[in-house]
Each structure stands twice: as structure tokens, then as C-alpha cells.
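Bring the two chains, given one by one in their own frames, into a single complex with the hints.
Chains Y and F supply the protein sequences, listed in that same order. Each residue of the first sequence is one higher than the one before, counting from 38 in my numbering. Each residue of the second sequence is one higher than the one before, counting from -10 in my numbering.
There could be a bad hint or two in this list.
Said to hold, decoys possible - Computed, partial: chain Y to chain F, Cβ under 10 Å:
hint, residue
1, F107
2, P110
3, G113
4, F139
Said to hold, decoys possible - Take a look, some chain Y residues computed to stay more than 12 Å from chain F by CB distance:
hint, residue
5, I54
6, I143
7, Y171
8, L197
9, S279
10, H284
Claimed, not checked - Pairs of lysine to any residue residues, derived as SDA-like cross-links and limited to a Cα-Cα distance of at most 20 Å, are as follows:
hint, chain 1, residue 1, chain 2, residue 2
11, F, K186, Y, L212
12, Y, K273, Y, L212
13, F, K186, Y, G145
None of these hints come from the bench; they were simulated from the model. Built from N, CA and C at the ideal position, the CB exists for glycine as well.
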Amino acid sequence: MANAIDATSISVEYTLIRKKTRLKALHKFSVSVKDGEFLVIVGPSGCGKTTFMNVVAGEVTPSEGELLIFDKPVSGPGPDRSVVFQEYALLPWRTVWDNVKFGLEIQGANESEYMDRIQHFIDLVGLTGFERSYPHELSGGMCQRVGLARALATEPKILLMDEPFAAIDAMSRELMQGELERILEQTGQTVVFITHSIDEAITMGDKIVVMTAVPGRMKDLVDVNMPRPRYEEHIKLLPEYSEMREHIWDLLRGEAASVLRAGAHESGG
Amino acid sequence: MTEYVPQAPDKAPPEKFLELEKKSFWERLWKNYRAGIVALLGILLFFILWEVVQTYAPFIDPFIIPTASDVLEVLWQDIINGVLPSELAWSLRNYAAGYLIATATAIPIGLAMGSIPIVNRLLSPYLWIGFVMPRIAFLPIVIIALGFGPEAKILFISISCFFPIIINTIAGVQTVSPSLIKVGRLFGGTRLQVYRKIIFPYAINFVLTGMRIAARTGLVVMYATEIFGSPAGIGAYVIEKSDVFVMEGAFAGLIVIVVTALVILTLFDYIDGLARPWRSEVSF
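One chain only, chain F, in its complex shape (with noise of 0.2 Å):
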């Protein structure tokens, strides 16, 4: 009979962390932006098949779709003289106003909503009303009341970004797993104590998910309302160009708005990860 020997087990052994290999620069590069570079190599690809159909296709009429050089051209140029980022400058300064509004109201109410049931029941049927309804129809009535300049254009992209995050900063505080409460409960936590050290930090996944939805709605509602009469930004450059039948500016004002929207929501999923470190993947 074999004596049994007690194991101490899982005792980290200094060998299971085993040092990165090194590797070379261009190794490194590789295993590190294989996603960008890919993507890049499949834009690059893009705009060449996009110039050489252009040239070679006579079926597609260069006055409506014109080629890849005289667009990127284009848009080169009034980036130098400044035409292309000061329009920019001035549809983002309304995107960031309006989603730091939505985010400063909607975090309040929602953990407010979400955590006293007689204010849900008198603030959700509004939100409800709300969300469904087509709120860009009520675009020409603000113009008219706020006129076209930014202020239309900053309620219009925080009531927009509103939605998504008190949305889910709603859920985030109902979500929350009964046995984590019970946890906090069984230790002898206070109301206070539970709903600071459990429920909110648990929301907080939930809130930032919703400031992620309405980063990329406010930018499509910025868009949308620089269409109708904007006196600067972006849209209204693109809706200019095209009026006067400027096909190369008017696609050189889409590439901005999709590289800005791209920069945009990469940002946040970089800060997203820096805040939540306990959800980082394990690479192999």
C-alpha cells in the first residue's frame, strides 16, 4: 500500500511563465498588425482595381464616378489648404459636445432608472417614445426654431447618443448576477456599499458598450444633419461638391468621414480595453 502524500498543488512553479521569444522586428511587426496591414494591403487593392476599371470600363461615365488619382488628388489638396480639416474641425467639435452632453445626462439616469423602480416607471415610457420615434423628422422644425448653426446640430447628435448608453446603462444595473449581490449582502455590505462595489462596477461594461453604439450613431446623425442647408462641416462639404457636379470633392468628403469614423471607433476600442484590463485575451 502506497502512503498518500498530501500535494500542494497549483503552487505557481516559476517555469509555467515561460519568457516571450524573441523575435525579429519584422517578425514582430507582422505577428503584432497582421490585422492593419492586411486591411491596408485590401484598401490599397481597392483604389487600384478602382483606377483601372475606371480607365479601362467604358460603360462607367468619369463624370459620375471619376477615377481613383483625380479623387485622391482632390483630396490631397484640400487637405494642404486647410479646405477639408477646418470643415472637419467643425463637425467634430458639434460630435464631441453632443456626446459628451448625452453621456453626462445619460449615466445619471440610467443608474437612476435602473436601480429605483418608481423612477423607471415614470421615466421609461418617455424613453421608450423616444427611442422609437423618428427623431430626424423633427430636423427642419429645430432648424427653424435653432436655426443652422452648431446648436441644432449638437442637440440633434446628444439626443442620438442619449438612446444607446442610457439604454444599456439601464440593463447593465438589472443584470447584475443575484449571487455577486449576495456576496456583498452576506458580507454585511450596506445598500451603499453593495451598490458601489458590485452593481456599478459591473454596469460599467454595460455603459461602456452603450458610449460605444452612440459613438458610432452620433457620427452617422452628425452626417446626417450637416445635409440639409449646413452652413460648415463635412456633410455640407460633400452635399456642395455634388450640387456643383464636383464628383472627385464629393468623394474625397466620403473618405473623410469613413478614415474619421474608423479613427474614431478604434479609439474607443483601445480605451475600452484599457478599462477593462480583466477582460484582455490570452494570446498565443
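The following block holds chain Y by itself, in its conformation from the complex (with noise of 0.2 Å):
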């Protein structure tokens, strides 16, 4: 069976105008995801996490090597691939309803041979009877359902989740790291998922990639042996767990203390 991603070398250079020169955020990084699987990518921050993503999205043209797609190159956005975005990015006029449908509406589909798809996705979310409340009465942790549901509606093979519980606080953001594996279980998409936090990082996936500080190479790939669904077990109890999060933490210290001093250096000087 094909692979959902196969990047190969991949480079993304960027153009600093302010300072004149041109910044590598990704070098050579090659990372494979199988359809259906769940990939996790931490790395210190700025590190080229959100750039690949943007590459994957087709947002971003790398400068250098190959990405496909179920074997297709990518020649920017497609209906194949959807978006999670940290700040939710929910349209403020629209309501829950419109929100979801706006993935639809853009790819020309007739809302009225979607209502049940709409509503299922809303209630697969947990927003049932929310349907026509504005983004700005919801709680941060509800807004990030109805980004989930609005990049679920257009059923694509792929899910990219940019930090997706990064600002929803702590204990929404565990209820929604089981109610995403949930869903997941019904709609079976492979996800590309970026985080800071490692415990995320190992409760959600697959598989995980550790990033290097810029510019991004891999630096580990870690395979999560842990049974699913985790939401029914509590998997950080298992000697595995601790065992696993203290490796991914040793493989990052020296990284994220890499990134604080040329921080510092970089305000220093």
C-alpha cells in the first residue's frame, strides 16, 4: 500500500530582507508516514516543525528535494489534506454550522446534500445544540472542536494539526487528546500533529519525530509500541511511558538549551 506522505530530503530556505540573508529552517529531512498512521513531530521551538507542515499543506515550495502525496507530487492545497491551526483561525461572522461548512462551501459543494455531513461532524466534535453560536461565546476548547469538525467535513486523507491544544488549557486539552484518538477511530485519517509538550507527544502518536534546533533535521525517530485506544488505559503509568519520555527529553535538552542561548545571545548583542 502507498505511503499518505513520502518526503525525501526536503530543504525550505527563507529570505531574512531585514537582515539580507537567507535562513535554512529544514535540511534535508526525510520522514515517510503510512495512511492511517499518526505522526508526531517536537522539536525545540522554531525549529522548521510548522515549515514542514506548511510544506505538506503546500503552502510552502521547498527549495529542495521531492514530497508525495499517495504517491502524487504536491503543486499546492488540495481537498486530500486539511488544516488544524493553533489560534483556531474560526471566522468570527459565522456561526458553529458555517464555520464547519466553510471547507465545503469553498470546494463548491451544495450545502443542502451536506446537512447531515455538517451535522455529524458537529456532533461527532461534541457540539451538538451549539450549532448556532458565534465563535466568540465558545471557550477556547470548544473553538478548537469546531476547527476540528470544519477540517474533518471535507473528509480528507490527511489531518495537519498545528499545536491544535497548545492554547486551550490544561485539563480541556487531555480530554481533547482522547476525544481526538476517539474520533480518529471512526474516521481513520493519517495526522500530522506538531507540539511542544512530550507527554503529547506520546499519549497521541504513532510514531515520533525529534527535530534538531534550526535548521530542522531529524534528529530521532521514536516508535510508540503502547496499546490503543490509550484514552481507555492510563498508558503514563507503564514503565514504557517514563522510559520513553525520558529518552525524547535527553534527545531535546541539548536542543531547546541550544535555541534559549542564541535567544539570549541574539538579545544580548
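What follows is the structure, encoded as C-alpha cells:
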């Protein structure tokens, strides 16, 4: 079976006009994700995680390397991929219902044919009864449920999630992790999930990519062989869990520290 | 070890939306119109104070500041004999015409300037020169060209209303959050779709703000243009009365101007609220 994502030696460079230099955000980054697999990317701030996601989304063209989505090269955004944003990015003038239907609407779907589908995804993320609410009337966790429903409503094959729960309070965050796993059991998407949280990475992922500081390269690839569904287990109490946590933190500690030092140096001089 | 049960989060429990309490007529009147009632009482108090101070304070010349009751009497008479309504109607016709012309031109030009950089580069020098210029200084010249009729007034009102609307429209288009535009693009939206479904609805906020500012500016300019030898209009009424030292009439005219302005601006807030339900506030 074809891989959902095949990234081969991807490099991305940005021109920093103000500093008159080019920044290499991603350096020869390769990864492949099987269909239905949950890939988590962890790494220090500014290591190119989001850049990679933008490449997969079709928003950024790599300066080097090749990206295949189901064996086809990427040339821009497409209906086979959907993005869930950290800052929700809901349209404030649209109700929950109208926000969820946004992707379908852009793709030219006729609303009357998709009523059931829109309702299905609103129900699936647990927002039944809030169809007519506006985003400003919802909590952060509920807003991200809308963002998730909007991404799922187009029935993409790949779900791209850029620190989706980073802005949500700790309790809702734990719940949302379980919810997402439960939803994916039903929908079966391939997921690329970016996070800063090692706990979130282990709780959610089948595979964890640990990245170096910028320019981002792959430092290690960790397979998480823990039973699913994990929301029904206290996986955090398993010995493998803490071993893996320690292993990833050991990998990241040096990288994160180097980012901190670089930041201190920059602001100091 | 207790078993972890996945919670069904935020499932809307029906008891979350409580029924509104039944309240008596007076309670509801007070709750819903508190601000208005207080404001009306304040105005009433002002007129009473005016009357009392005018009657008992010897240092106020009744020739310059008449008593409140005299002013209200003239106001009432000129309303029922139709003088004030017809003057006001003449003014408001110019105002409405000028405002509509401004809206119809400023919004499309503003949208174009906000979204097409070359158009912005080309037109923005004229925009800012026009904006900072003391335009009223040109009134005598324009009156010579167009005469004392409504044309010159409509022109001035429309130009004054034009600037706040266009400047806010441009700002609206240019300040759309990049992440919202990204949403449109990543779902595969074309440029036109991103414009129609994201940039334009976002800019409406700013357009409405500009239209509200313009409503106020237009009223001031409407009054100002009627001060220079106008054949009719509420501004002309005030000037006429004060020229012949009928101060009661001048004050009556001013009251009409203030009340009209309040009504128009309140109407605007109301329309604004209807146009933007997502901004509706929660009442506690």
C-alpha cells in the first residue's frame, strides 16, 4: 500500500529581508507516514516543524527535495489535506454551523446535500446544540472542536494539526487528546501533529519525530508501541511511558538549551 | 485503581440555558431602558435648572439667554406651524444625498485601494491631501461656482463623508488576520473566494465604523454649509433668528439640530447591531 506522505530530503530556505540573509529552516528532512498513521513532530521552538507542515499543506514550496502525497507530487493545497490551526482561525462572523461548512463551501459543495454530514461532524466533536453559536460565545476548547469539525467535514485523507491544543487549558487539553483519538478511530485519517509537549507526543503518536534546532533535521524517530485506544488506559503509569519520556527529553534538552542560548545571545548583542 | 471513563465533554445540557425570569412591566421597562430613562431625566433636570437659574439669577441677560420655557414655546410653535419641519427636511435631503453619494463611491474605491497595491500607490497621495486639507475654506469658491442652492451643500457633505468611509475601508481590507486568509487558501479557495468569503466580510466591520463616523461628520458639515447665506435649512434658520436677535428661535433651532443628530446616530448604532449579530453582547 502506498504511503500517505513521502518526504525525501526536503530543504526549505527563507529570505530574511531585514537581516539580508537566507535562513535555512529545514535541512534534508525525510520522513514517510503510512496511511492511517499518527505522526507527531516534537522539537525546540523555531526548528522548522511548522515549515514542514506548510510544505505538506502546499503553502510552502521546498527549495530542495521531493514530497509525495499518496505517490503524487504536491503542487499547492488540495482537498485531500485539511489543517487545524493553533489559534483556531475561525471566522468570527460565522456561526458554528457555517464555520464547519466553510471547507465544503469553498470546494463548491451544495449545502443542502451536505446537511447530514455537517451535522454529523458537529455531533462527533460534541458540539450538538451549539450550531447557532458564534465563536466569541465559546470557550477555547470548544472553538478548537469547531476547527477540528471544519477540517474533518471535507473528509480529507490527511489531517495536519499545528499545535492544536497549545492554547487550550490543561484539563480541556487532556480531554481533547482522548476525544481526538476516539474521533480518529471512526474517521481513520493520517495525521501529522506538531507539539511542544512530550507527554502529548507519546499519548497521541504512533511515531515521533524528534527534531534538532534550526536548521531542522531529524534527530531521532521513536516508535510508540503502546496499546490503543489509549484514552481507556492509564498509559502514563506504564514503565515504557516514562522510559520513552526520558529518552525524548534527553534528545531535546540540548537542542532546546541551544535555542535558549541563541536567543539570549541575539537579544544581548 | 479507578477506571478512566472518557467524558462526553460540553454536551449541551438543556438546563444550561435557563428560561428568562418573568418580570413585571415596570421592572422590564427599567431593565431594558435604564440608560434612556436616566438620560431623559437628566435632560429634564437640565431644563428645570435652566429655567430656575434664568429666572432668579440677575447677572444673566434674558436678551442673550432666554428662559427655557420661552425657548420651548417658540420651538413648539415653529414645529406646529411647519417652519422647523420644512427647514429640517430641506437640510436632511441634502444630508442624505451627500451621504449616499459618499458611501456609493468610497466603498468600491476603498476596496480597490485596499486590495490592489498599484491602485493604492496611485490614489493615496490624493486621498491624504484631500483628507488633511481644510476643505471648508473652499466653500465660498464652490458657492460662486454652484450657487446657494443644495448642490454646493451636497458636494461638501459628500466629500466630508467620503474620507472616513474610504480610510476605514482600506484599513479593513489591509488588516485581515493572515491566519484567516491562510484558512481560505489551505481549503483550496481561489483568490476571488478568499476575497468574497474572508476579506470582504472582515472589512465590513471597518466599513460600518467609517459610515458611523461619516454620519457624524456629515451632520456637522451640513450645518456649517448653511451658515453662509443659505436660502433654507435648519442652519439658516438659526442664523436668521440670531441675526434679528430672536434668541429663543436660535436656541430652538439648536435643540432641533442636537435631537436630530442623536436620533440619526442612535439609528446607526441600531443598524450596526443588526448587521453584526456576532458582536451581540450577553446580558446578565
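Comparing the hints with the structure gives:
For Y:F107, the shortest C-beta to C-beta distance to chain F is roughly 16 Å, which exceeds 10 Å, and the interface hint is violated. For the restraint placing Y:P110 at the interface with chain F, the shortest Cβ-Cβ distance is roughly 17 Å, beyond the 10 Å limit, so the hint is violated. At its closest, the beta carbon of Y:G113 sits 8 Å from a beta carbon of chain F; the interface hint therefore holds under the 10 Å criterion. Given hint, Y:F139 at the interface with chain F, holds; its Cβ is 7 Å from that chain's nearest Cβ, closer than 10 Å.
Annotated as non-interface, Y:I54 keeps its C-beta farther than 12 Å from every C-beta of chain F; the closest such distance is 17 Å. The beta carbon of Y:I143 sits about 4 Å from the closest Cβ of chain F, which is not more than 12 Å, so the claim that it is off the interface is violated. For Y:Y171, the non-interface assignment is contradicted: its Cβ lies about 4 Å from the closest Cβ of chain F, within the 12 Å cut-off. The beta carbon of Y:L197 is not kept farther than 12 Å from every beta carbon of chain F, the shortest such distance being approximately 8 Å.
Even its closest Cβ contact with chain F, about 17 Å, leaves Y:S279 beyond 12 Å, as expected for a residue assigned away from the interface. Every Cβ of chain F is farther than 12 Å from the Cβ of Y:H284; the closest lies at roughly 25 Å, confirming the non-interface assignment. Distance check on the hinted pair: F:K186 and Y:L212 sit about 32 Å apart at the alpha-carbon level, beyond 20 Å; violated. At roughly 15 Å between alpha-carbon atoms, Y:K273 and Y:L212 fall within 20 Å of each other, so this suggested pair holds.
Distance check on the hinted pair: F:K186 and Y:G145 sit about 13 Å apart at the alpha-carbon level, within 20 Å; holds.
In summary, the structure is inconsistent with hints 1, 2, 6, 7, 8 and 11 from the numbered list given earlier, while agreeing with the others.
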